[in-house]
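Student: Taking the hints into account, I'd like the entire structure generated from these sequences.
Each chain, written out:
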Amino acid sequence: MDLKKLGEEIIKKANAWGADEAEACFQNIKTFNVNVRKGEIETLQKSVSAGLGLRIFINKQLGFSYTSDLSEKSLDEAIKKTFELARITEAKPWQGLPDFGPQTLSDLDLYDPEIAGIPDEKKIAIAREVEKIAMAQDKRITNTEGGYFSSTEAEAGLFNSNGIAYVFKQTSFSFSVYIIAGEGDNMQGGGWGSSKRFFKELVPVEEVAKKAAQRALEQLGPKPVPTKKVPVIFDRYAAPAFWMGIISALNGDAVYRKTTFMTDQLEKAIASPLITVVDDPTIPRFISSSPCDGEGNITRKNVVIEKGVLKMFYYDSQTARKAGVKINTVARRGGYKSLPFAGSMNIIVENGQDSFESLMKDIKEGFYVKGLRGAGTDVTTGSFSVGASGFWIVDGTIVHPVDGLTLGGSALEILKNIDKVANDLDMRGSVNSPSFRVAELTVGGKRA
Amino acid sequence: MDNFRSSTPIKRRVFLKRGLESGALLVSFPLWKELLLSGPEALAEKAPAAFAVPKEDLRKLLEIALSRGGEFAEIYLEYTVINTISLDEDKISTATRGLDMGAGFRVLQGEKTGYAFSDDLDFSRLKEAAETAALISSGKAGASPQKLKTLSPPTYYEVKVSPDTIAPKSKVELLLRANTIARAFDKRITQVGIGFGDINKKILIANSEGLYVEDNQTLSRFGVNIAAREGDKRSTGYESKAGSYGFEHFDVKLAEDFARKACEMAIRTLPAGDAPAGEFPIVIAAGFGGIFFHEAIGHSLEGDGIRKKTSCFWDKLGQPIASSIVTLVDDGSYKGGWGAVNVDDEGYVGHKTVLIEKGTCANFLQDKLNAKLMKMNQTGNGRRQSYQFFPIPRMTNTYLLPGEAVPEDIIKSVERGLYIAKIGGGNVSSTTGRFVFSVTEGYMIEGGKITQPLKGIMLMGSGQEVLKNISLVGNDLLVIGGGSCGKDGQSKPVGFGNPTLKVDKITIGGRKA
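Protein chains in written order, with this note's numbering: chain S, 1 to 448; chain Y, 1 to 513.
Okay, the calculated bits of chain Y under chain S, using three or more residues with CB under 8 Å as the criterion: (1) 100 to 106; (2) 112 to 119; (3) 132 to 145; (4) 273 to 280; (5) 298 to 312; (6) 433 to 441; (7) 460 to 466.
Just some of the chain Y residues that point at chain S, by a computed CB distance under 7 Å: (8) 91; (9) 92; (10) 95; (11) 96; (12) 97; (13) 191; (14) 227; (15) 234; (16) 236; (17) 455; (18) 456; (19) 509.
Simulated from the structure, these hints should not be mistaken for laboratory data. Here the structure is a predicted model, which is why all the values come from computation and not from measurement. Where a beta carbon is used, it is the ideal one built from N, C-alpha and C, also for glycine.
Tutor: See below:
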């Protein structure tokens, strides 16, 4: 498929037919995924799919449509219908394409040219191997959801009537395993995986398998604990769920509408001075990197929180214009079916000074969170409540696993009460954090 | 592309969330018929053109899909139009339209599934997809596909007036009138978001056992989202109506009424205080408690987890798993339900399945593959998000049958506990049965009376425990729609419901120790 030709034609047509401004977003994705369970292939799926999302502005009115049918007839129809959709809506002065034009995209090295040469058999073998090794780790491992491998080769195109015409390719590879330990009322699942842009950079199968087994085994036989206020350590792999709640409260439009608890916090100390958070989607070869955002703005490293002080809110071009804010906009897009929206791309909470061990050693009684469950932070009120599992700590050592606890508090209080940050950051996804400790938090247990 | 899996490598996590998230209002409005410049084609007239694959071709494709020795082959064709329109900041702000069209091929061989799809319905592309799905098996062709016979399923949808035949101004009027009511309701109301929308899906399923069936599915939803503020206190309110409904189910009176109800919720919960933490008795209001049964029990009764013995209920058939006043059903034939299906996505007729009968585990939810492997009957629960996915066991409309108790008496029976009016969403591990739910509207019960509104309530526990701790079931069943359930990366509309009920003890996560 020649995305460049297709994109430029669509924009030309939309303009010729009377659009003030037009934007076309294409996606063309080739996927392979396989699930192996108990050594046998359970599901195998291979597909190619493509689609277009079209945003048109007429007199500051917005119309949006998408289609998975890229035939010329269907595309013409999509353009016409998007015009009509725009005419139903009311004009808003801030609506229109972003102010920036074409820029030079960095080559972030996100495409693995070897993808075409990796045989399906090799991918299936990895899914089979990771399950086999994980199952063999311990006699108490009783069941499995299987090993999984997935690869995608995506071509994306973004075009608009201000001259933006970007086409870029990305690859990704991931594999994972999920096994179950224990029996009857004492079953615990554990999973782990690896996701990379380059096939050769995937972490060794053994490492993933062992980690999945360990995560299930260590949670076997949880014991109840009382409800009380204690110091709480967030594990580096549980922490992202907490940070996602904080980041979602930084939405610029919600600030404009005053519907987030962060509304009045810009340039104020919202967190402990130990906390610095950046958003950096420009790391070469990284899984969460991208040369441009969902509106075609080149990506940059942004500082979100600097030594506890809130430095920015997230705006896309529409919400920035509406709020009258001058800022580097960051727009995300959930594929071609989605309008752009403001949001983070690759959050990194910077490493602290402490070793992980030193977070635990002076705790008399406390909770080490390994897994979070649930929504977390209420963006409107800032109240924080989640389900949690992990370990109970007494006198600086882990005494037993716990499950079915709740954590409750206020998101701002938690941020301010962070008293130690570990130096164990492991870059794995779109939100990355070292382990950290909160001086005091309410743990809801069995006994009131 | 697949970041979720890397940072959260937990595969079998299921969750359910309320359709209308506060703030980000994404709702739909069926305007598209009027919008066609090329003439007033309705979906029903438009789709057959896309579906113009002759039956002989379908059979030929099924034959190709079986050419490597697969036991069963199936084609799923889909043509879906989704329209959204929303009102925000006193203006009709967004109108969108989406078209999804494609065909998925599935080949089964023992426990194996081969799947491929194409979004191009050209015969050569369909043939390629059929060949790819066939590769799950690696032998010679076995049985050839049966002659296709058309199935005519019953109708469980309540669609008299197809929403896409209605003038846009009628729906715009609903949004505007609801907005006027909400804006005038109270000066503490700061945000009003309203939407109306529909999903029009036409599907065609043909399989190697000779099944041929078509179905037109229509879902409509109207929703109001409110935000209120007073000083530092903030709250939200919402109300929605959603189901397999035609436009006759929506009018200005309903729109205004829903605007009022959403405002009342926001104002009521403005003075909310911090929730307590610990173990308490709770009363769950009729309607939203259904999320609870969907999450905490329903997912653990789905055939895939049962067959693989990864569900906590895999060996519980015929055994008591709940208190004897609990009878739970999943009902694809629930008329007008948000999860109603004339046929499921494998062409099996919508069905009412008793999951728990008077406390005893009575049935599991099955799709074709798991039913066959377990030598059990299909239950009409084989569902998929779209042609891009193969079907898996999923719920439709899941609800607890009503009991004898009077709702007021249930509240009176609690000395100190919580009243749960609305639940926002939750998730569960079907392995351990452990769940969490976030409560969007809840109150203290003190001395048998509902008192202080609370914020930040989290319910936590395991399905097994809660089922046994249900001590009172009211006579006021309410089934609601609008929710979206996610499982294995597939999202699907589901309905749920319950009468008012009491759970003797459950863990509440709040911030007051």
